[in-house]
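Okay, so the sequence shown: first residue is 0 according to numbering that gives the first Met the number 0, each after it adds one.
Heads up, a few of these hints could be off.
What the hints assert, rightly or not - DEER-style ranges, computed between Cβ atoms:
(1) E68 / W109: 22 to 32 Å
(2) N43 / K141: 16 to 26 Å
(3) N103 / S74: 39 to 49 Å
(4) E118 / S74: 29 to 39 Å
(5) R3 / S60: 28 to 38 Å
(6) Y8 / K67: 31 to 41 Å
(7) R3 / N70: 32 to 42 Å
(8) S74 / T100: 34 to 44 Å
(9) P19 / Y163: 25 to 35 Å
Unchecked claim - Dumping the calculated DSSO-like pairs for lysine-lysine here, alpha-carbon to alpha-carbon at most 30 Å:
(10) K71 / K27
(11) K27 / K141
(12) K104 / K41
(13) K17 / K38
(14) K38 / K24
(15) K38 / K141
(16) K41 / K71
(17) K67 / K38
(18) K104 / K38
(19) K62 / K24
Read the hints as simulated data drawn from the structure, not as lab findings. Ideal Cβ placement from N, Cα and C applies to all residues, glycine included.
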Amino acid sequence: MPIRHFDYYISERQLIQKAPISQLKGTKIGIEGQNWLRKIIKPNLARMANAAMGGTFPYNSFKSLLEKEINKLRSLDIYPFFVFNGLSFLRKDKPFTIEDTRPNKRASGWDHYERGRLESAHNTWSSSNSVHQNEFMNLVFKIFQENNIEFMRAPYASWAQLAYLQQRGYIQSVYSGSEMLM
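Put together the whole structure using the sequences plus the hints.
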């Protein structure tokens with residue numbers, strides 16, 4: 000959960016500093032997995048939706064997207080260590096208490112597609128929340144294993160595990176959202 004208005008506060012007061020990524024050369028960086036996935040998937044959602052029109056998850060395009068990002072880090076001599084959330088402190092979902100609207104939204108998306116309204120189809124599919132990150136974590140882990148990338152699922156919050164790993168010297172730097180500062 001992000002800190003309310005924190006990002007706005009630090010940008011307004013010009014507290015953000017930028018440095019070349021080459022300063023991280025030769026380091027092992029701890030990366031908050033969910034945050035990283037969200038940042039690389041969101042700009043590529045439309046392309047992945049096009050690939051998914053066949054009715055299946057676009058495994059090859061997703062795999063190539065992850066491998067491209069991993070190879071960027073490797074080319075800079077940065078060793079990533081991904082940490083993903085484990086058990087939630089608070090259970091936010093209440094199963095079977097509200098109607099699942101995802102199937103209706105997917106069907107509506109296909110109706111738009113059949114009528115030639117591709118933009119409406121893309122918007123409907125992306126708002127249907129059909130694929131949650133937790134549903135494809137095993138796929139991400141498989142891709143990481145194939146590429147010899149270190150990763151772990153934290154017992155609870157990934158940010159707490161990243162702080163622990165950094166204090167113990169296992170990682171030298173952390174890539175995460177602003178909620179890591181809590």
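Hints, verified against the model:
1. About 30 Å separates the C-beta atoms of E68 and W109, a value consistent with the hinted range of 22 to 32 Å.
2. Between N43 and K141 the beta carbons are some 19 Å apart, a value that agrees with the proposed interval 16 to 26 Å.
3. Taken as a hint, the range 39 to 49 Å holds for the pair N103 and S74, whose Cβ atoms sit roughly 44 Å apart.
4. Range check, E118 to S74: Cβ separation about 36 Å, and the 29 to 39 Å hint holds.
5. With their beta carbons about 35 Å apart, R3 and S60 fall inside the hinted range of 28 to 38 Å.
6. Between Y8 and K67 the beta carbon distance is about 33 Å. The supplied range of 31 to 41 Å therefore holds.
7. For the pair R3 and N70, the supplied restraint of 32 to 42 Å holds, since their beta-carbon distance comes to about 36 Å.
8. Distance hint check for S74 and T100: the Cβ-Cβ separation is about 43 Å, which falls inside the suggested range of 34 to 44 Å.
9. Between P19 and Y163 the Cβ separation comes to about 28 Å, which falls inside the hinted range of 25 to 35 Å.
10. Straight-line distance between C-alpha atoms of K71 and K27 comes to about 14 Å, which keeps the hinted pair within the 30 Å bound.
11. Taking the CA atoms of K27 and K141, the gap is near 21 Å; set against the 30 Å cutoff, the hint holds.
12. Between the alpha carbons of K104 and K41 the distance comes to roughly 19 Å, so the proposed pair stays at or under 30 Å and holds.
13. Taken as a hint, the K17 and K38 pair is honoured in the structure, with Cα atoms around 18 Å apart against an allowance of 30 Å.
14. Proposed proximity of K38 and K24 is supported: the alpha carbons are some 22 Å apart, at most 30 Å.
15. Taken as a hint, the K38 and K141 pair is honoured in the structure, with Cα atoms around 20 Å apart against an allowance of 30 Å.
16. A threshold of 30 Å between alpha carbons decides the hint, and for K41 with K71 the separation of about 18 Å falls inside it, so the pair holds.
17. Between K67 and K38 the alpha-carbon distance is near 14 Å, which keeps this suggested pair within the 30 Å criterion.
18. The hinted pair formed by K104 and K38 meets the criterion: a straight-line CA distance of about 24 Å does not exceed 30 Å.
19. With a C-alpha separation of about 25 Å, the suggested pairing of K62 with K24 holds against the 30 Å cut-off.
Hint violations for this structure: none, all hints satisfied.
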